[in-house]
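Enquirer: Residues per chain are reported as follows:
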Amino acid sequence: VTTALVPLVMIGVLTSAGVYLLLERSLTRMLLGLLLIGNAINLLLLAAGGRSGNPPINGRTSAGRSTTADPLVQGMILTAIVITMGIAAFVLALAYRSYRLTTEEEVGNDPEDTRVARQTEDEADEDVVHPELEYDDEDEPAALDALPPHSRGVQQT
Amino acid sequence: MTLGSVLTPLPVLVPVAGAALTMFVGRQPRLQRAITLAALSVVAVVCATLIWLTDHHGTIAVHIGGWGQSVPGLGPLGITLVVDRLSALMMVVSSIVLLAVVVYAIGQGVRDGDENQPVSIFLPTYLVLSAGVCDAFLAGDLFNLFVGFEVLLAASFVLLTIGASEDRVRAGIAYVMVSMVSSLIFLFGIALTYAATGTLNMAELAIRLDHVAPGTRSALFAVLLVAFGIKAAVFPLSTWLPDSYPTAPAPVTAVFAGLLTKVGVYAIIRTHSLLFPSGGLDSVLLVAALLTMLIGALGAIAQNDIKRLLSFTLVSHIGYMVFGIALASRPGMSGAIFYVAHHILVQTTLFLVAGLIERQAGASTLRRLGGLASASPLLALLFLLPALNLGGVPPFSGFLGKVALLQAGAADGSVLAWVLIAGGVTTSLLTLYVVTRVYAKAFWRSRADAPEGVLARPGPTVLLEDGGEDVAFLDRDDVGRMPVGMLVPTVALIGVGLTLTFLAGPIFAYADRAAAEVIDRHQYITAVLA
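Residue numbers (my numbering), protein chains in the order written: chain A, 10 to 166; chain B, 865 to 1394.
Everything labelled a hint here was simulated from the structure, so no lab data went into it. You may find that some hints are simply not true.
[Stated by the list, open to error] Quick list of simulated restraints, FRET-style, between CB atoms:
#, chain 1, residue 1, chain 2, residue 2, range
1, A, Y108, B, A1304, 39 to 45 Å
2, B, P1078, A, N67, 46 to 52 Å
3, B, A902, A, S35, 44 to 50 Å
4, A, S35, B, P1322, 34 to 40 Å
5, A, P80, B, L1248, 56 to 62 Å
6, A, G73, B, D919, 39 to 45 Å
7, B, F1366, A, S35, 26 to 32 Å
8, B, A1304, A, E113, 27 to 33 Å
9, A, N67, B, F1366, 47 to 53 Å
10, B, I1165, A, P80, 53 to 59 Å
11, A, L110, B, D919, 50 to 56 Å
12, B, A902, A, E113, 40 to 46 Å
13, A, A13, B, V935, 36 to 42 Å
Every value quoted in this text rests on a predicted model; they were computed, and no experiment measured them. Think of the CB as a built atom: it goes at the ideal place given N, C-alpha and C, for glycine as much as any other residue.
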């Protein structure tokens, strides 16, 4: 099987640019990286389907060639494009939502991960009670009890 | 038209049709629930029939639209669905889990009021997820397997980010990106395989790959293995899992933990045994299995939050299955198949129980939990049974599966296999330590001894996260008893898990027949290419 050089070089360039973009923290760049790699793989699928220029219809000749072009790769590329497009729309929606919530569209660290990594031995123990972690019962009617007693006087009159 | 060829497409068709119907009746929650329950019950019955058919009458292959093999040596051109013993077992266990979890989710919604939190897309998306899982198990060609993965992944993206709160968006972004990278690597593998062989039908590939140069074959196998390794959460490709799963609502986490990683494991079994029986990467897989087991278990020890802790045990136990697969022997494969079935059930059950704990106690972190054994002895029993099962305490199925794998390792006899056996025993002990620690902290000690025991979440949540502040535990709304709708599916799944213990003989014999069939390949290939 002979393969044209230009598509292969393009696949390589697209993939490396895509990987570079994927390693960024900004969501838009990661999405662009995904799209570039997706297109590189679509080209690879196309290259796997044989040389260009073959006739698409069985039994015809095109520029002297009679081998029918492989329709399967084109079907697969079409499916892959549709899937990538749907996911890209979803990622854009997520990026917008993330921007609305945090006013940035970068991938954040997992807070629980960070907490577990940073905790001291004392904090990691689920039995040690820290005095600063005492909380009052908020429903205690302390504030009501402290009201001046004039209401009783009102009732008597 | 035989019964088998009529039934085979149904596990994909029925949920998809159900999803469309539930979308139409999005404003009538009762009708939505009825359709979902009916669709998933039908799937469960169909899968049970299929497992009987394949066990008695052999592998079923269906060429959709009649696009079977036209010329010998060309391979089937269309979509092929194949049910053999392995995929039938996976589908039966999955359909039981899918049905139980949706009953749990509906029970939670009915009791804790999802009229306050109307999420009309939950059930349709859940049905699409079911269709994707079944499609992946049924797929007889690599590209259809890819489509099955994409269907279940797209549904899982929506389920994981449901409500789009800040935490879920953050976890969802990482999950979506990692999943998409793994899908692209899979597609990359598909393109290379197609370039090397000119077909994607697995049966035809199995024949043609034997004539491909060994170096090329190993390269193709490695690419596919990386893709499936990310989905199955095999170390070092597992770090995404504990970050993303715990933020989702309890039923969603339960079904993800039970099924999604196992679809990856199933894909590894298929590629390892059917396509690349001499792939030459078994020692790499064994080392990956060892590291997955140990690092997962050690990660679980460091966690305070029960859901995160369970996510780490999930990663850790994927190592056992990879261990069985990488032994590339019939005992190893049968042990792995039995372990997959056991682990789907036990891990889902544990996440459902974690959801109950969160609802009853208003917290899922061990820094806040305590005194649950006296508050609810039933909940303690519900946690203890699957927890001991996971930890591998005799006579539960977790113990039986581990013994089978260790025996297979000993039969292999190589140094690496013995190292794996030592690692497996250590992991089992570490898992037992982790679950008993949860039991000791959350159930035995008094809540007053917990460092943050005075704090709790304000009330039970269903699918959306409430953004409210923590309240004092005493001020928490009275959540009452555990809802029957959540209790029944949990108990039922524990019951099915115990069946694996009581009927271990017949089920293990079935797993052994499935393993023999998977390793032999002959039956699969003739069924598809006949």
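Enquirer: Evaluate each hint against the coordinates.
Expert: Going down the list of hints, with the structure as the test:
1. Look at A:Y108 against B:A1304: about 44 Å separates their beta carbons, and that is inside 39 to 45 Å.
2. Against the hinted window of 46 to 52 Å, the Cβ-Cβ separation of B:P1078 and A:N67 comes to about 36 Å, which falls outside the hint.
3. In this structure the hint that B:A902 and A:S35 lie 44 to 50 Å apart at CB holds, the actual value being about 45 Å.
4. For A:S35 paired with B:P1322, a C-beta distance near 35 Å keeps the hint of 34 to 40 Å intact.
5. Distance hint check: the CB atoms of A:P80 and B:L1248 are about 58 Å apart, consistent with the given range 56 to 62 Å.
6. Distance hint check: the CB atoms of A:G73 and B:D919 are about 56 Å apart, inconsistent with the given range 39 to 45 Å.
7. About 54 Å separates the C-beta atoms of B:F1366 and A:S35, a value inconsistent with the hinted range of 26 to 32 Å.
8. Distance hint check for B:A1304 and A:E113: the Cβ-Cβ separation is about 41 Å, which falls outside the suggested range of 27 to 33 Å.
9. Under the hint 47 to 53 Å, the C-beta atoms of A:N67 and B:F1366, about 59 Å apart, miss the expected range.
10. Remark: the range hint 53 to 59 Å for B:I1165 to A:P80 is upheld by a beta-carbon distance near 54 Å.
11. Separated by about 51 Å at the C-beta atoms, A:L110 and B:D919 satisfy the suggested range of 50 to 56 Å.
12. In this structure the supplied range 40 to 46 Å holds for B:A902 paired with A:E113, their Cβ-Cβ distance being about 45 Å.
13. For the pair A:A13 and B:V935, the supplied restraint of 36 to 42 Å is violated, since their beta-carbon distance comes to about 29 Å.
In the structure shown, a violation is registered for the earlier hints numbered 2, 6, 7, 8, 9 and 13, in ascending order.
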